[in-house]
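Engineer: Next come the chains, spelled out residue by residue.
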Amino acid sequence: MTTAGKRYEALVQGLRDWQLEAFVYVPSSHVAPVIRGLDESGQPGFMANREDEAVGIAGGMVLGGRRAAVVMQDNGFGNALTALTTFAVAYHVGLPIIANTRGGLGEYNSMIHTFGEAVPSLLAAAGIKTERLGAAESPALWRSTACAVAEHAVMTHRPVVLLVDVMHPGSLDG
Amino acid sequence: MRRLEALEIVDRVFGDHPVVVTLGATSREMASLGQRPSHLYLLDSMGLAPAVGAGLALADQGPIAVVEGDGSLLMGLSVLPTLAYLDPPKLTLIVLDNHQHASAAGMPSQSQRVSIAELCKGAGLKTEVIADAARLEQALERHRDDTAMSVLVVEIEPGNAPDVQLLLEDPVRIAGRFADALAARGEGGGEDSS
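So the protein lines, in turn, are chains P and E. Anchor point for the first sequence: position 87 equals 87 in the working numbering, and the numbering is continuous, going up by one each time. In the working numbering, each number is its position in the second sequence, counted from 1, plus 1000.
Isolated chain P, as found in the complex:
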């Protein structure tokens, strides 16, 4: 398995370590291996058209007593900020969000960095806790961090975002 594959699998395993019960996702090529991995491991997955929908659906599941997470791409935070702040943050919904990042090293799209580079500061300005993983962290650390982020979201009654850089050349090889 490639290093990238190991990191994707580590995210799946980390969420399974947390005993995830359902996930809501917005389709994206660079997070598709996580979605497929969760699906293949038997986790119920629910597709949304937009990231704010995903926050609403997964948040409803959490209020209904389920361990649910959102899987998405970081440029979708532009769609999701109002739902995150006025619902998930304001109503203390313990919701982990796994989001692949775009616009960094290894990016092939000429404009997506215009949003992606701003995501960490946008989330910080909205008071949303964020953790990050990249090429410097081992697959084992990706796994334990994914589980810990989910636990932390529930423990602190708020959405917590895990930004994962899967496009950096160092995430792909080595």
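Since the hints were made in silico from the structure, they are not lab data. Treat the hints with caution; some may be incorrect.
Said to hold, decoys possible - Computed from the model, here is a short list of chain E residues facing chain P with C-beta under 10 Å:
(1) Leu1043
(2) Met1046
(3) Gly1053
(4) Gly1055
(5) Ala1059
(6) Asp1170
To be verified - Calculated from the model, a selection of chain P residues having no Cβ within reach of chain E, i.e. all distances over 12 Å:
(7) Glu40
(8) Ser110
(9) Ile112
Even for Gly, the Cβ is constructed at its ideal location relative to N, Cα and C.
Following the hints, complete the assembly by docking chain E onto the known chain P.
Structural biologist: Relative to the frame of chain P, chain E by itself:
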């Protein structure tokens, strides 16, 4: 039919079953009828109520009612195909259509020219249009007891009920008691609660 009249019927028919209520005057008017722990008032998340209701339904918390407005639904219209695709069980989406943004100075909504019911039907959702109180009560009773998802588009008069207080409660309290009410239902407290 006035909005408050429609909300009284929803409150009576769904009883202590979960009800997700959209923002603005709709939440305030529903709360003015007497707050229930099983009511989740979304104080500012315009367009999000159907998604939250879907999540609750997918977590097997039905029967669930979502009370949405025409303007709010139009803000989050992409949820209609999502609802049709996911087909959350025991979910009734009630769209109170007054053809205006009554909580936004009464400005017109696009439902003056665009049919909410046709949009719902176009997404593949089972949809019924209701214009009078007696039919609304019958339809709600029928849909509450149905295992499938459905939409009721309810024609209501424009405007808001007078002298209704602002709903200033901390959302954390609203969510906490709502989750507690769901947990109590899960322990057997929710049967025959309407």
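Engineer: Now tell me if each hint is right for this structure.
Structural biologist: Now for the hints, and whether the structure bears them out:
1. Using the Cβ-Cβ criterion of 10 Å, the hint placing Leu1043(E) at the interface with chain P is satisfied: the shortest such distance is roughly 7 Å.
2. With a least beta-carbon distance of about 8 Å to chain P, the hint placing Met1046(E) at the interface is held under the 10 Å criterion.
3. Given hint, Gly1053(E) at the interface with chain P, holds; its Cβ is 6 Å from that chain's nearest Cβ, closer than 10 Å.
4. A hinted interface residue such as Gly1055(E) counts as satisfied when its beta carbon comes closer than 10 Å to some beta carbon of chain P; here the least separation is about 2 Å, so the hint holds.
5. For Ala1059(E), the interface hint holds, the least distance from its beta-carbon to any beta-carbon of chain P being 3 Å, beneath 10 Å.
6. The closest approach between the C-beta of Asp1170(E) and any C-beta of chain P is roughly 9 Å, which is under the 10 Å cut-off, so the hint is satisfied.
7. Listed as outside the interface, Glu40(P) is consistent with that label: its C-beta sits roughly 20 Å from the nearest C-beta of chain E, beyond the 12 Å cut-off.
8. Residue placement check: Ser110(P) keeps its beta carbon more than 12 Å from all beta carbons of chain E (closest about 27 Å).
9. With 12 Å as the threshold on Cβ separation, the claim that Ile112(P) sits away from chain E holds: the shortest Cβ distance comes to roughly 21 Å.
Violated hints: none; the structure is consistent with every hint.
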